[in-house]
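S.K.: Using our numbering, you'd call the opening residue of the sequence shown number 1 and step up by one each time.
Errors might be hidden in some of the hints.
[As the list claims (entries may be wrong)] In silico BS3-like pairs for lysine-lysine, Cα to Cα no more than 30 Å straight-line:
#, residue 1, residue 2
1, 202, 334
2, 104, 119
3, 479, 458
4, 113, 265
5, 265, 334
6, 104, 273
7, 480, 458
8, 273, 334
9, 265, 104
10, 465, 479
11, 166, 202
12, 480, 465
13, 273, 202
14, 104, 166
15, 166, 334
16, 265, 208
17, 202, 265
18, 273, 208
19, 208, 166
20, 480, 334
Just so you know, these hints were derived from the structure itself, not from any lab.
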Amino acid sequence: MTTQNYLGTKRERRVLVIDDDPSVATVVRTALNQEDIRVQHAETGTTGLQQLVQFRPDVLILDHLLPDGEGLQILGRINRIDARLPVLFVTARNSSDLAIEAMKQGAFDFLAKPLQLEKVVEKTQQALESRRLMLMPVQLPSQVDPMIDGADHLIGQCPEMQEVYKAIGRAAAHDVPVLIEGEIGTGKELVARAIYQHGRRKDRPFVKVVCSDFNAEWLESELFGHEPNALSGAVDRRIGKIEQCHGGTVLLEDVSAIPQPLQSKLVRFIQDKTFERVGGHEPVQVNTTLIFTSSRNAERLTAEGVIRHDLFYLLSAFMIRIPPLRERGADLPKLVDHFVGQFCRVERIAQSGAVRTSPEALRLLSDYPWPGNVAELRSVLRRALIESRGTVIAGDYLRNALRDMPRNSDSLETKVLSSHVCDWEDFIMDKMEAGSNDLYADSVMEMERHVLTIILRKTSGNQAKAARMLGITRTSLRKKIHYLGLAIEEFVSTV
């Protein structure tokens with residue numbers, strides 16, 4: 001029951017429940033039983049604070065009333081010990097005022113009694129992800145320790161990435177709003193976390209809000225909170241993430257998904273650190289830093305009217321542009337070596353020797369345009385590594401992994417893959433380097449895979465027609481499809 005922790009060692013994720021009712025701990029254990037999470041229980045605040053230091057939980061579930069004090073008092077002491085620990089505050093069904101006060105004091109969220117299993121799982125998983133974002137180290141090239149597998153790394157030495165590292169240092173040194181611009185999969189969240197972890201707010205909370213997950217009204221409530229009955233179905237007051245993270249940092253993912261009226265409210269907050277909750281008229285003042293991301297060119301979005309000019313001018317003072325992988329040149333082999341080494345260590349792959357990438361595979365990786373950038377590269381390498389049996393990642397494994405990635409049939413990446421028909425000399429050299437003792441069978445299998453792929457694509461997956469063209473029975477064709485690991489659904493869907 002172990003999982004990779006934030007410091008590179010293996011240990012289970014941990015939840016501490018502080019509640020004088022043992023049945024609450026039982027409910028939490030039941031809810032999290034299938035989630036690979038260890039649950040510890042304390043019946044008093046005093047015992048809970050002791051276990052907080054000894055047990056080192058990733059999430060804490062705290063009751064509002066304990067035999068030796070009120071939950072809010074205990075929450076204050078917890079914050080002094082670890083201000084970044086996500087606390088789920090447990091209240092009675094009608095104790096909305098307590099829940100609101102707990103959120104104002106920095107609680108991550110609240111749970112109402114009687115506890116519902118699905119809510120316990122949902123809120124705990126959200127809290128665990130928040131904890132991971134805060135504590136998982138983001139290492140810059142000068143800091144990278146390849147043996148710390150529990151860290152995320154920004155890899156690359158190309159001039160464009162060097163500028164990114166310099167910008168991270170400048171942003172971390174100055175308490176200003178930042179806009180991080182880069183295509184999907186370039187690592188915008190990593191850069192945001194690096195700014196947070198190297199800045200003066202690193203000991204305060206860090207929360208991510210995916211703006212596209214909410215409609216206009218509820219996004220404003222998520223950020224700034226709302227007063228009772230301000231929204232349909234919103235009976236109680238709610239504290240928003242910006243107020244909840246007082247002293248910390250909020251990451252707003254996808255600035256283009258923020259409606260213009262809310263952008264105006266964010267402009268005011270950036271300028272004077274004040275806002276009103278939805279439906280409210282009383283100014284609230286907090287000291288929270290904002291980081292924005294955009295997967296599209298922010299200047300173009302401003303010209304199109306998606307981003308307000310005043311917001312763009314505020315954010316353009318500190319913009320960081322992450323280059324797409326296709327523009328990073330010599331960084332690709334470094335990223336490949338890093339990910340392959342990481343997978344081998346973490347997943348105990350190929351313990352008998354180092355895994356390397358064949359020349360054919362590297363050529364294929366270099367020619368591919370990587371629409372999903374570093375995230376796609378990581379996913380493709382992981383799949384190819386799992387499928388390969390030896391200590392060499394050959395081109396055929398990479399081709400299979402790349403073909404399985406979702407894409408448009410007319411896209412550039414599809415054309416690149418189509419151009420990489422099997423080079424038999426490279427194929428044979430790869431197999432020899434991998435120590436193959438059955439080159440003839442390997443070559444026949446590769447030839448059959450290519451022939452069947454072409455015929456099935458031409459016949460739109462019609463096995464009867466394909467069998468006739470190949471001069472074999474349908475039974476033989478089905479056996480070959482299964483043996484070669486072809487997915488007939490892929491060909492049928494091309495009709």
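S.K.: Next, verify each hint and record whether it holds.
M.R.: To see whether the hints hold, each was checked on the structure:
| no. | hint | verdict |
| --- | --- | --- |
| 1 | 202 with 334 | holds, 29 Å |
| 2 | 104 with 119 | holds, 21 Å |
| 3 | 479 with 458 | holds, 19 Å |
| 4 | 113 with 265 | violated, 35 Å |
| 5 | 265 with 334 | violated, 43 Å |
| 6 | 104 with 273 | holds, 16 Å |
| 7 | 480 with 458 | holds, 17 Å |
| 8 | 273 with 334 | violated, 42 Å |
| 9 | 265 with 104 | holds, 20 Å |
| 10 | 465 with 479 | holds, 16 Å |
| 11 | 166 with 202 | holds, 18 Å |
| 12 | 480 with 465 | holds, 15 Å |
| 13 | 273 with 202 | holds, 19 Å |
| 14 | 104 with 166 | violated, 35 Å |
| 15 | 166 with 334 | holds, 20 Å |
| 16 | 265 with 208 | holds, 19 Å |
| 17 | 202 with 265 | holds, 26 Å |
| 18 | 273 with 208 | holds, 19 Å |
| 19 | 208 with 166 | holds, 23 Å |
| 20 | 480 with 334 | violated, 38 Å |
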